[in-house]
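Novice: Same order as they appear, the protein sequences are chains V and X. Note that the working numbering numbers the first sequence so that position 188 is 188, with each residue one more than the last. All you need for the working numbering is the position in the second sequence, starting with 1, plus 1000.
Do not take every clue at face value.
To be verified - List of simulated lysine to aspartate or glutamate pairs, EDC-like, C-alpha gap at most 20 Å:
1) X/Lys1192 x V/Asp92
2) V/Lys115 x V/Asp127
3) X/Lys1192 x V/Asp97
4) X/Lys1194 x X/Glu1102
5) X/Lys1194 x V/Asp97
6) V/Lys115 x X/Glu1013
7) X/Lys1192 x X/Glu1102
Worth flagging that the hints you see were computed from the coordinates, not collected in a lab.
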Amino acid sequence: MSAAVTAGPLVAARDVVKHYGEFRALDRVSFTIQPGATVGLLGPNGAGKTTLMKTLLGFLPYTGGSIDLFGIPLASNPVAARQRMGFMPENDAWFPDLTGLQAVILAGRLSGMPKQEAFSRAYEVLDYLGLDESRHRDVSTYSVGMRQKVKLAQAVVHGPRLLLLDEPMSGLDPASRDEMARVLSDITRAGVALVLSSHVLHDVESLCSSVLMMDRGRILFDGPLDTLSSGDTGRLRVRVTGDIPAFAAALERAHARVTASGPLLEVVLPAGADTSLVFAAVREAGVELRELESARDSLEQAFLRLLGRDQRGAAADGGRHG
Amino acid sequence: MADLHRGGFRVWEGALLPSSTRFWVLAASDLGRIRASRWSRILVYLSAIPLLVMSLVRFGTMLASGTERLAINIEVLDRLLSGQVLFAVLLAGMAGGRLIAEDRRTNALSLYLARPLSAGRYLLGKGVALGVLLASVYTLPAVLYVLVEALTAPQFELLALAWRMARTLAVTTLHTGSMTLLALALSASGRKPKLIAIAWIALYLVTDAASEALGGAFRHAAWTDLLSLRRLMENSALWVLHGGSGWSSALVLAGLCAVSVAALRWQVSRMGRSMVSS
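Next comes chain V alone, as it looks inside the complex (with noise of 0.2 Å):
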């Protein structure tokens, strides 16, 4: 019963629905996971990515749309959906009385490998996290990172196509996040797709190319990660040299909005307006211009923004519906 490797999308989502009696966890969420792609999955809290993690393991059933996984409808068989996934919770697991080898070994037996090959298969992964020396120790005496490597050993040693990663550098002191980002670097490089979803973003930056985006059961974006920290295409970051006041008294009379921080600045074009209204204003102040750039948000920024901006958006629909 191993899940066929289709080459269609890992994961397709079509308006998928979810209700905790009359809170609507899910909202119409669409999106697909191509093989091999890095998502990351972020939202405030209770923006309905724990939902959508649960729901993508089978564990909750949904209550409207269809999600397939490896072209198989996750309603219909959760467990083969689950063959070709690799799992790592954020809190603390472990398989109680077991090394970390045994462990390892039984997750990937409990996957479906045979026996000889989850021994060797679980050596070969347990050797590449580093935690060769420690393998026949039993997991509860483990530090926080150990652990969390075995977890990570435990979602690979079946050889996944897709990895859901729950907070993975939760817990770990700053080396061992840089090892945690390395290895999850390495294995997508391997070709695994991955799904992170993590409340720090610096981590959804060095380690994903895509972005799920979710506040209140809806999907804000879904789309490259570029894309997003490019923000709006009105917004530029100007260094001028002369009379800085001057050129930013010209941008405001020409109605853009200027935020000024030492020669930089940072300028949010009028609707319907280009770079030439920026260029008049040099002329106007007699300033020389010295760069001229689309300003792209932090991510952070961006997740603000768009969070600001569906926030401003539900309040309006509030007081309109009010």
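Following the hints, put chain X in place on chain V, whose structure we already have.
Specialist: Frame of chain V, contents of chain X only:
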């Protein structure tokens, strides 16, 4: 750190086995864990002593009396079973009480159920592990003693042996099956294995004492037997073996087992829903 990327990450490409027998993997792993526990091993070894003693007594009597065959006293097997059930009760509490409670304590359920293993197969694996353990201290000695009796009986009749064996298996399976379900249901109700073990043994003793006390007060009314786990199992076994009035005990025991199965399924699926915490 330096060793970390030695050789790089390799995706395993092999074929996976069908999921239908995966509960055996879980059961074998749990039996290995139980075997590693010193107290469980001691109880299993001790449970072999009554069989050895009774078999030796039987062979010894034969030798001492100079006869080649001995008559079968059916009460001897009953006495063996009533002794062995204590080992089964103790192991159901000590080993069975841990099986799900430990998984809850260490959050292992999120690791089990995120794999291609359904909640039903998870429970089946746990049940098989405990069932095999209890059978090894209860069913196996009884079956071996029936064989010893058959070997030393005046006439060796295959049909009679098969019938006696079938009844012994039916009784011991009824006991081990119901104890397995009840102990697992109790195990799923908490995260502290020691407390669960104590609660299980207390449940067995307290219900028996309560039944005894109420039996005294109400002239041994039949309903007082329904309060004792021990008597429920005993009377159900008698009903299986001989028919008669034990049907009400069998009915109550079957109801308790059905409630245990429903509670187990509900508890495990509830834990599945609540275990991702991002």
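Novice: Next, verify each hint and record whether it holds.
Specialist: For each hint, the structure was consulted:
no., hint, result
1, X/Lys1192 x V/Asp92, "holds (17 Å)"
2, V/Lys115 x V/Asp127, "holds (18 Å)"
3, X/Lys1192 x V/Asp97, "holds (15 Å)"
4, X/Lys1194 x X/Glu1102, "holds (10 Å)"
5, X/Lys1194 x V/Asp97, "holds (15 Å)"
6, V/Lys115 x X/Glu1013, "holds (15 Å)"
7, X/Lys1192 x X/Glu1102, "holds (7 Å)"
Violated hints are absent here; each numbered hint is respected by the structure.
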